[in-house]
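Mind docking chain Y on chain E? Use the hints.
First to last, the protein sequences are chains E and Y. Numbered per our numbering, the first sequence spans residues 1 to 301. Numbered per our numbering, the second sequence spans residues 1 to 359.
Worth flagging that the hints you see were computed from the coordinates, not collected in a lab. In this text, a Cβ means the ideal position worked out from N, Cα and C, and glycines have one as well. Worth double-checking, as some hints may not be accurate.
[Claimed, not checked] Counterexamples of contact, computed for chain Y against chain E with all Cβ distances above 10 Å: (1) I107; (2) R130; (3) N170; (4) R173; (5) Y218; (6) N288.
[Claimed, not checked] Taking lysine-lysine pairs in the PhoX-like style, the calculated list, with each CA pair at most 25 Å apart, reads: (7) Y:K150 to E:K3; (8) Y:K280 to E:K3; (9) E:K49 to E:K10.
[Stated by the list, open to error] Have a look at the derived ranges for each label pair, beta carbon to beta carbon: (10) Y:K265 to E:K29: 35 to 41 Å; (11) Y:K347 to E:D220: 55 to 61 Å; (12) Y:Q323 to E:E98: 58 to 64 Å; (13) E:D220 to Y:P94: 45 to 51 Å; (14) Y:M342 to E:D294: 32 to 38 Å.
As a plain string of letters, each chain reads:
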Amino acid sequence: MHKYHLSHLKQLENEAVFIMREVASQFEKPVLLFSGGKDSIVMVRLAQKAFWPAKIPFPLMHIDTGHNFEETIEFRDNLVEELGAELIVASVQQSIDEGKAVEEKGPNPSRNKIQTVTLLDAIEKHKFDAAFGGGRRDEEKARAKERFFSHRDEFGQWDPKNQRPELWNLFNGKKHIGEHFRVFPLSNWTEMDVWQYIAIEHIPIPHIYYTHEREVVRRDGSYLANSPFITVMEGEKVEKKMIRFRTIGDMTCTGAVESSANKIEDIILEVAAARETERGTRTDDKRSESAMEDRKKEGYF
Amino acid sequence: MIDTINEFSTADYLNMDLLRFTTAGSVDDGKSTLIGRLLHDTKSIFEDQLIAVEQASKKMGDHQVNLALLTDGLRAEREQGITIDVAYRYFATPKRKFIIADTPGHIQYTRNMVTGASTANLAVVLVDARHGVVEQTRRHAFIASLLQIKHLLICINKMDLVEYKEEVFNDIREDFDDFSSKLEIQDIQYIPISALKGDNVVEKSTNMPWYQGSTFLYTLENVHIASDYNLVDCRFPVQMVIQAQSEDQPGFKGYAGKIEGGIFKPGDEVIALPSGFTTKVKSIDTMNGLMDEAFPPQSVLMNLEDDHIDISRGDMIVKPNNQPQIGQDIEMMVCWLNEKQMVLGGKYAIRHTTKMPNA
Chain E
1 MHKYHLSHLK
11 QLENEAVFIM
21 REVASQFEKP
31 VLLFSGGKDS
41 IVMVRLAQKA
51 FWPAKIPFPL
61 MHIDTGHNFE
71 ETIEFRDNLV
81 EELGAELIVA
91 SVQQSIDEGK
101 AVEEKGPNPS
111 RNKIQTVTLL
121 DAIEKHKFDA
131 AFGGGRRDEE
141 KARAKERFFS
151 HRDEFGQWDP
161 KNQRPELWNL
171 FNGKKHIGEH
181 FRVFPLSNWT
191 EMDVWQYIAI
201 EHIPIPHIYY
211 THEREVVRRD
221 GSYLANSPFI
231 TVMEGEKVEK
241 KMIRFRTIGD
251 MTCTGAVESS
261 ANKIEDIILE
271 VAAARETERG
281 TRTDDKRSES
291 AMEDRKKEGY
301 F
Chain Y
1 MIDTINEFST
11 ADYLNMDLLR
21 FTTAGSVDDG
31 KSTLIGRLLH
41 DTKSIFEDQL
51 IAVEQASKKM
61 GDHQVNLALL
71 TDGLRAEREQ
81 GITIDVAYRY
91 FATPKRKFII
101 ADTPGHIQYT
111 RNMVTGASTA
121 NLAVVLVDAR
131 HGVVEQTRRH
141 AFIASLLQIK
151 HLLICINKMD
161 LVEYKEEVFN
171 DIREDFDDFS
181 SKLEIQDIQY
191 IPISALKGDN
201 VVEKSTNMPW
211 YQGSTFLYTL
221 ENVHIASDYN
231 LVDCRFPVQM
241 VIQAQSEDQP
251 GFKGYAGKIE
261 GGIFKPGDEV
271 IALPSGFTTK
281 VKSIDTMNGL
291 MDEAFPPQSV
301 LMNLEDDHID
311 ISRGDMIVKP
321 NNQPQIGQDI
331 EMMVCWLNEK
341 QMVLGGKYAI
351 RHTTKMPNA
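With the rest of the complex left out, here is chain E:
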């Protein structure tokens, strides 16, 4: 390759670093939304690079559904300690207790949708004016439409039919009081890019991304981890499988895949051979054709 030419991963890294610095410069009070998943872990690494040798100049915020994989929480706490960063935990349970959000009913209740209430509340409470999300355009068709700097009105809503122009590397963070922006530094990354980056940067990830034995229930074409948060329905059986997670989110809607991948190179091979998108294991997206767009309009991640 040409001496003055960057590989695709380096281009993506440089783009994301630029975006993060732009947010730190244009906004009063940014926050990084941290789920403990691989995309937010990569975001944290990029933030370290963007502001090094200074510390990351904004807090991390975890919207906690209460339905967590223990391993993720442990990982989160260790990372925060290592970074010396501030961690804010906004609890969905608290939103429910305060009567702001109502728990879903039925056999497959999920707190995925009501996280939005907690998220918007926390943004308002802490007066955050920009929130970094790890969303990628290759994940989902509504996400494929979103700008790097994505405007939210005073109710936290996204208007996909009226997005701002965003030319070259000029990013417009102008807003009215009470409005905020969601910013997606990983917009142009694919699932493969994220894994390749984790590999070349040797970034630690929660070990549930690797193969392990777990009690699971087969539902809607994927395996859900057996936990106190799901009800095993009639005709379903709990079985032990060697599985791993392609994405990590709320336990009730994050499906696992059967896999023997126990190192990052194996995961990369699996991703290259995958015939389904990674969100294919997410039951939250399968609720309707425009499930993601509808949630995003309301203020979801």
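Just chain Y now, with coordinates in the frame of chain E:
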């Protein structure tokens, strides 16, 4: 997903090249079909995506699978069967990784088209072989030129509907050639294709033996983009000042930003604008160590010999022997993208690199 997994698991993959391209054309020129064909033939569509598109097509009463639904991701777009905003799609071949910005053809969504096209290395403009060069073709090519896209690929589509005739291709090519003298794009190529039938998209067409050129995909894989950046005029707009106190770096102060042009090296004499103070580059730092040189589009942290100079966001670091012009009166062409009309003599904020003056 990909047949040749091994090619992707080697170190080559980590060193892959990236091409960003945008597709434009009038409403029914077959843009979405072309992208659908490209993704399909390079095996970049996942099974669950294809099933979802099949189901959506059926729901809308289409007998065929409508590949446009792959990129028309918004409810309003699917309901109306139009593209409102740019959609990004990603795919890779063993040669390159690609980012496609699939942009709307309707004139009222031009600002979205411009958004998608602005970051492209290459613009694909589709022309319907039956209609030839139309106003929208010229508009899109002109916008690509305004945005300073370096490469233009004119795909003359629906060749199957004009019996794959060479004259049709040549006439359209000549027609566009005449117009293209008004453009600032040096590299313009023409390819006769049928997106629907797959002629010259991924596979070379047997229906047009008279065409000796490359296929669409081959062109995308091989267009030379390494020299697209300006490596001569050194421009480093300061994005933010980074200060830190640590044991190894007491009182660290550096300037963070993206190299917009030229090559900077430690020891280079530099001048900070607008103040005009000169100093030298002490080092170019990253979390992973020092850099020997920095070039576009790298985001770096520059450390200067004299760190008492007043430099802040919006200032620009350049080299003394190659300075940009500074002035208050500028003549420029304005492309107005808002529904509200521009007010002559009104006050507007201008964003120029990391600077935001009023005008």
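Here is how each hint holds up against the structure:
1. Against chain E, the non-interface label of I107 of chain Y holds: every CB pair exceeds 10 Å, the least being about 15 Å.
2. For R130 of chain Y, the shortest C-beta to C-beta distance to chain E comes to about 31 Å, beyond the 10 Å cut-off, and the non-interface label holds.
3. At roughly 35 Å, the least C-beta separation between N170 of chain Y and chain E is larger than 10 Å, which holds for a residue marked as non-interface.
4. Its beta-carbon lying about 30 Å from the closest one in chain E, R173 of chain Y satisfies the requirement of being farther than 10 Å from that chain.
5. Remark: the non-interface label on Y218 of chain Y is consistent with the geometry, its nearest Cβ contact in chain E lying 19 Å away (cut-off 10 Å).
6. For N288 of chain Y, the shortest C-beta to C-beta distance to chain E comes to about 8 Å, within the 10 Å cut-off, and the non-interface label is violated.
7. Simply put, K150 of chain Y and K3 of chain E have alpha-carbon atoms about 20 Å apart, close enough for the 25 Å limit, and the pair holds.
8. With a C-alpha separation of about 24 Å, the suggested pair K280 of chain Y and K3 of chain E falls inside the 25 Å cut-off, and the hint holds.
9. Taking the CA atoms of K49 of chain E and K10 of chain E, the gap is about 12 Å. The hint holds against a cut of 25 Å.
10. With their beta carbons about 37 Å apart, K265 of chain Y and K29 of chain E fall inside the hinted range of 35 to 41 Å.
11. Remark: the range hint 55 to 61 Å for K347 of chain Y to D220 of chain E is upheld by a beta-carbon distance near 56 Å.
12. Our hint of 58 to 64 Å for Q323 of chain Y and E98 of chain E holds, since their Cβ atoms are close to 60 Å apart.
13. Distance hint for D220 of chain E and P94 of chain Y: a CB-CB separation of about 35 Å, inconsistent with the stated range 45 to 51 Å.
14. Look at M342 of chain Y against D294 of chain E: about 36 Å separates their beta carbons, and that is inside 32 to 38 Å.
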